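Heads up: the sequence shown begins at 6 in our numbering, then just goes up one per residue.
There's no promise every hint is true.
[As the list claims (entries may be wrong)] No more than 35 Å apart at the CA atoms, straight line, and that leaves these computed lysine-lysine pairs for DSBU-like:
1) LYS107 with LYS77
2) LYS77 with LYS222
3) LYS358 with LYS192
4) LYS87 with LYS77
5) LYS87 with LYS222
6) LYS128 with LYS222
7) LYS127 with LYS23
8) LYS87 with LYS216
9) LYS313 with LYS192
10) LYS23 with LYS363
11) LYS222 with LYS107
12) LYS128 with LYS192
13) LYS216 with LYS107
14) LYS107 with LYS363
15) LYS131 with LYS107
16) LYS128 with LYS107
17) LYS127 with LYS216
18) LYS127 with LYS77
19) LYS222 with LYS131
20) LYS216 with LYS131
21) LYS192 with LYS314
22) LYS192 with LYS216
23) LYS128 with LYS77
24) LYS77 with LYS216
25) LYS23 with LYS358
26) LYS87 with LYS107
27) LYS107 with LYS23
28) LYS363 with LYS192
29) LYS23 with LYS77
In short, the hints are calculated from the structure, not lab data.
This one's a predicted model, so the numbers in the text were calculated from it and none came from an experiment.
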Amino acid sequence: MSVLSQNKIIEPALAAVKQRLESGGALLPDSPENLLEVVGILKSYGVVLGEYYRNLTYISEHQFLVFFPFFKFFNGDFSLNKLGRHLWHDRINFEFAEYCMKAMFWHGGGGLDAYLDSEEFKKLAKLAINAKVVRNPLTALVNQLFPDFLLEQVRLMTYYSALGYFWSFMSPLFLDLSDRYDRGEVKSIPDVVQHVQNGLVASASVPYIYKVSINGKDYEIVPASANLTFLMDTAVPYVEAVFFRSFPFRGTVSYNAQAHQISTEISQFNYGVLYADHLPVGGAGIPPTLLMQDMRHFLPDYLHEIYKKSDRGEEDLLVKICLSFQKSMFCVTTAALRGLAPHALETEDPQEKQANDKFLAPFLDRLSRSRLYTMQ
6 MSVLSQNKII EPALAAVKQR LESGGALLPD SPENLLEVVG ILKSYGVVLG EYYRNLTYIS
66 EHQFLVFFPF FKFFNGDFSL NKLGRHLWHD RINFEFAEYC MKAMFWHGGG GLDAYLDSEE
126 FKKLAKLAIN AKVVRNPLTA LVNQLFPDFL LEQVRLMTYY SALGYFWSFM SPLFLDLSDR
186 YDRGEVKSIP DVVQHVQNGL VASASVPYIY KVSINGKDYE IVPASANLTF LMDTAVPYVE
246 AVFFRSFPFR GTVSYNAQAH QISTEISQFN YGVLYADHLP VGGAGIPPTL LMQDMRHFLP
306 DYLHEIYKKS DRGEEDLLVK ICLSFQKSMF CVTTAALRGL APHALETEDP QEKQANDKFL
366 APFLDRLSRS RLYTMQ
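Whenever a hint applies, use it, and build me the whole structure from the sequences.
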């Protein structure tokens, strides 16, 4: 099929989505089924995110520059019983949180990424590094031989902290959404979007700072003077890195450069949650399998019952969870777009509509290649 014929098919669909947004709707169509799926899966996700963000924060603050953090997933509460459950995989899969963190770290973007290349960061990081190596000869030797290695590790620790910070806001936001739904206050997909948007806007300007305690003394890594905030410096880079770009799943495409199955242009990466095929979920080596496994333990009864009554019952439960999760992330994306748009998307003012059109055009173009058009 030619590019021209593809565009002829895509354009009407894009126009319909744009019209829905301008009418107060969301990327995801509104229906009672979609509402139940989205609220139910976000309740489960909110519980899991609570576990994820606490662990990321623990690692960033208490495993700072620890080369072999064997017990980093125990949050400082180690026991033989927990070790046994950990080895038996009767636990939260914190590896998925690290997967998302590494996507942010690799793709970068936003004020945090720029700050981590600044001289101010290097100065503060080296102070913390020097304090850390004083009582650790091995770390001191590594620092002498490879002076940039520990600096890069501090950057990595900062992303542990930043993602934990972002999720510390989103976890209670999603749990509150579920409570409001139970009380009858959330009755449509636009209500879900408005709830998430209100939460993002309310926290938008909250400053992001990061410090660590070494030998009883606090060392700033990201000080208040860096002027980094929740929305633009943690939330937006997360959406870009995890919702849109991410990484191709190993085993589904070849990483061999000669195979040309992965674009050499990072800007062309379309492997995020909005694009991912949900059918491979459940297979080995597919990172979202870990998240879906975690969420299956916290599904509300009403959503679990719907899954069990479907054609295949629980045989493809992880795939069903992934599909519901994708639907919910299109709602979160809608909230982000509404929050970042220069004007209310429902505006009738010609100049404001023109500004909104310019803002929406690149996003709608990217979403035209997502799983949006499989969502009913």
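Quick rundown of the hints versus the structure:
no.	hint	verdict
1	LYS107 with LYS77	holds (16 Å)
2	LYS77 with LYS222	holds (22 Å)
3	LYS358 with LYS192	holds (28 Å)
4	LYS87 with LYS77	holds (12 Å)
5	LYS87 with LYS222	holds (31 Å)
6	LYS128 with LYS222	holds (17 Å)
7	LYS127 with LYS23	violated (44 Å)
8	LYS87 with LYS216	holds (29 Å)
9	LYS313 with LYS192	holds (24 Å)
10	LYS23 with LYS363	holds (12 Å)
11	LYS222 with LYS107	holds (28 Å)
12	LYS128 with LYS192	violated (51 Å)
13	LYS216 with LYS107	holds (20 Å)
14	LYS107 with LYS363	holds (31 Å)
15	LYS131 with LYS107	holds (22 Å)
16	LYS128 with LYS107	holds (24 Å)
17	LYS127 with LYS216	holds (14 Å)
18	LYS127 with LYS77	holds (25 Å)
19	LYS222 with LYS131	holds (15 Å)
20	LYS216 with LYS131	holds (13 Å)
21	LYS192 with LYS314	holds (23 Å)
22	LYS192 with LYS216	violated (41 Å)
23	LYS128 with LYS77	holds (27 Å)
24	LYS77 with LYS216	holds (18 Å)
25	LYS23 with LYS358	holds (12 Å)
26	LYS87 with LYS107	holds (26 Å)
27	LYS107 with LYS23	holds (32 Å)
28	LYS363 with LYS192	holds (31 Å)
29	LYS23 with LYS77	violated (45 Å)
Going down the numbered hints, you'll see the structure goes against 7, 12, 22 and 29, while the others check out.
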